[in-house]
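**Student:** Here are the chains, one letter per residue:
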Amino acid sequence: MEDKFQKGKEKILSKLDFPRDISLDLPKIIVIGNREIIIENHKGIIFFETNMVKINSRIGPIMIKGEKFEILFIAETSITISGNFQGISYEG
Amino acid sequence: MFNKIKSGLITIEVNALMPEKILNVLWDNEIYTCNIVKIDLATLRFTIYYKDYKETEILIKKYKGKVRIVKTSGIIVLLMKMKRKVSLVIGFGLFFMVIYMLSNYIWAIDIQTQRNLSPFEIRQQLTSIGIKPGLSKAQVNVRDLERKMEDINDQIMWIRIRIEGSTLKLVIKEKVNPPSKEKKLYDQVVAKMDGEIKRIYTNSGNPAVVPGDIVKKGDNLILTTQGREGFEKEVKPSGTVIANTFYEKFMEIQVSGEKLERTGKKNSSIYLSFFGKKIYLKKAINGFGSYDKIEEKSGCINKTIYFEKKGKTVNLNKDNTVKEAKEKLQDSLKKTLSNESKIIDSKITVEDIKEGKILVKVIFTVEQDIAQNIS
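The listed protein sequences correspond, in order, to chains S and F.
For the first sequence, this note's numbering assigns the number 949 to the initial residue and increments by one for each residue that follows.
For the second sequence, this note's numbering assigns the number 53 to the initial residue and increments by one for each residue that follows.
Derived by calculation from the structure, the hints in this document are not laboratory data.
These numbers were taken from a predicted model, which means no experiment stands behind them.
Some hints here could point you the wrong way.
[Stated by the list, open to error] Below 20 Å or equal to it, Euclidean Cα-Cα: the simulated SDA-like pairs (lysine to any residue) are: (1) 1013/S x 980/S; (2) 90/F x 1032/S; (3) 1002/S x 123/F; (4) 318/F x 346/F; (5) 225/F x 212/F; (6) 311/F x 363/F; (7) 123/F x 1020/S; (8) 73/F x 994/S.
[As the list claims (entries may be wrong)] Residues of chain S clear of chain F, computed beta-carbon distances all greater than 12 Å: (9) 949; (10) 952; (11) 956; (12) 959; (13) 964; (14) 977; (15) 981; (16) 993; (17) 1016; (18) 1018; (19) 1030.
Glycine included, each C-beta is placed from N, C-alpha and C at the ideal position.
Working from the sequences, and respecting the hints, build out all of it.
**Tutor:** In C-alpha cells, the structure reads:
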C-alpha cells in the first residue's frame, strides 16, 4: 500500500519537474575529490569508525570506505565527513 | 556554522557502548555536533555549543555514557569560568582600576637645569604656583606652566615641561644675566672733617655751601632738593666737595748737648721664678754706669738683659734738621691720606725747649674730598 502511494507520488512530482532529492527525500551525495563528502537527506549514523562510515538513508545504508574519517558537522538534514575516501557504496 | 566569538564551544569525549547511537540521539534532539573523531571503539570526541552542554550531558547519561570535557573555548565559557572565581576577577578589576587612578596623578617632578639654577629653587617656585607631587594631571596645563615659569624666573631662557607617565619633567636652559649694579643712594652728604670749601661738584642735589665757606665736621654739604627755586624736587644727594683741610704734626729733636746711646755691650742673668721667689742660674755683675734693663719672661725660666749706654755729644745744623724733620712728617702724613689728596702748603714753627732740644711743628694744608655719604 505504502509502495504504491510512493510510486504515485514520484510520478506526479516527476511530471511537475520537481528536484528529486527534495521531493522524494532521497540522499544527495556531494563528493569533493577524495577529501570531503556531504550527504543531504540522511537518516542518521549507523556505524562510525576511522576507516568506515555507514549512514542511513531512505534507500538504505550508504557505506563509505577510506581512512582518517572525521565527521565535520551534523546538521538537521546534512552530514559532512572528511578523510581519505576509497569508495562509496549502497547497501540495499 | 559555529561561531566561536558569539558563543562558547566545548569539546567533549564520550565513552559509550554504542557511540553512534549517541550521535543519532543528539542529532534527533537537534544538538549540533562537529569535528567528530573516533578515538577508539567506545570513545568519541566531538564539539558542541556550550548552551547545549547540559542537555547533552543528560542525554548521554540516559544512554549510560560517560562525559569528559577536553577543551573549552569562547567568551561565554570564559565568563562562566570567571563566575566561579568572582573574587579573583574583582581583585584584578580593582587592581587595574587603582593603577589607572594612580596614574592620573603626578607623583614626581624631575628637573633638569644647567649650571647656575638649582633644582631646589625651581621646585620652590613650582610649589609657589601650586605645582607639587600628588596633583592631578588634568589640573596641569604644561603650556601655561611654561609661560608662568618664564615670568617667575628671569634666569630661564627656554623651558620645556612635559608629563611623562606620572612624572612632570622640566628641561631648562639658562641665561646668564649681567650682574645687576644697584647704585646705593644715600640720604645725606655731610663733611667728614673741618675745612675750607674750594670747589663743589654735585651729581644730584643743590649745594648747601659755597667756595670759601668754613665747614665743621658733620655739616651738611649738599641739599636733598634739586632745581630752581619754586621748582625743586626731592632727590638723593650725591657729589664731590673739595676743601682745604689742615693737619698739624710735630717732632722733638735734640740738636746740641749729650745724648745717651747704646754701646752694644750687654750682660744677662737667668733665673727660675717660683711663687715670687727667684733662684738664679746665672747672675750678671752689673758694672755699667747707665744702662737699659730689659726683662724677658717665658714661663719658669726668666731672663734679665742689661744694655750699656753712654753719653754722646750732639751738634747739628738747626735749619737742616728742621727741613729733614718736615720731610719726615710730610712722609708720615702722606701715608695716612688718600691718593686723591694733595698737600698744597705747609707752615713750620720751631720752639726751643731745654737742653738743646727743639720742637718742630708743621701745619699742612691738604686739598681733598670731604663729602661723606650717610643714610
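**Student:** All hints, please: hold or fail.
**Tutor:** Hint by hint, here is what the structure shows:
Between residue 1013/S and residue 980/S the alpha-carbon distance is near 15 Å, which keeps this suggested pair within the 20 Å criterion. With a C-alpha separation of about 15 Å, the suggested pairing of residue 90/F with residue 1032/S holds against the 20 Å cut-off. Taking the CA atoms of residue 1002/S and residue 123/F, the gap is about 28 Å. The hint is violated against a cut of 20 Å. Our distance criterion of 20 Å between C-alpha atoms is met by residue 318/F and residue 346/F, whose separation comes to about 11 Å.
Distance hint between residue 225/F and residue 212/F is fulfilled; the C-alpha atoms sit about 9 Å from each other, no more than 20 Å. A distance of roughly 5 Å separates the Cα atoms of residue 311/F and residue 363/F; the hinted pair therefore holds under the 20 Å criterion. Between residue 123/F and residue 1020/S, the direct Cα distance comes to roughly 17 Å. Compliance with the 20 Å bound is thereby established for this hinted pair. Only pairs whose Cα atoms come within 20 Å are accepted, and residue 73/F paired with residue 994/S is accepted, the gap being roughly 8 Å.
Interface exclusion of residue 949/S from chain F stands, the closest Cβ pair being 27 Å apart, more than 12 Å. Even its closest Cβ contact with chain F, about 29 Å, leaves residue 952/S beyond 12 Å, as expected for a residue assigned away from the interface. For residue 956/S, the non-interface assignment is confirmed: its Cβ lies about 29 Å from the closest Cβ of chain F, beyond the 12 Å cut-off. Every CB of chain F is more than 12 Å from the CB of residue 959/S (nearest about 32 Å), matching its label as outside the interface.
Here residue 964/S stays apart from chain F, with its beta-carbon at least about 31 Å from theirs, past the 12 Å limit. With a closest Cβ-Cβ approach of about 18 Å to chain F, residue 977/S is found to remain outside the 12 Å limit, as its non-interface label requires. Distance check on residue 981/S: its Cβ is at least 20 Å (rounded) from any Cβ of chain F, clearing the 12 Å threshold; non-interface status holds. Listed as a non-interface residue, residue 993/S fails to keep its Cβ farther than 12 Å from every Cβ of chain F; the least gap is roughly 5 Å.
Not every beta carbon of chain F lies more than 12 Å from that of residue 1016/S, the smallest distance being close to 9 Å; the non-interface claim is violated. Consistency note on residue 1018/S: stated as away from chain F, yet its beta-carbon is not over 12 Å from all of that chain's, at 5 Å minimum. For residue 1030/S, the shortest C-beta to C-beta distance to chain F comes to about 9 Å, within the 12 Å cut-off, and the non-interface label is violated.
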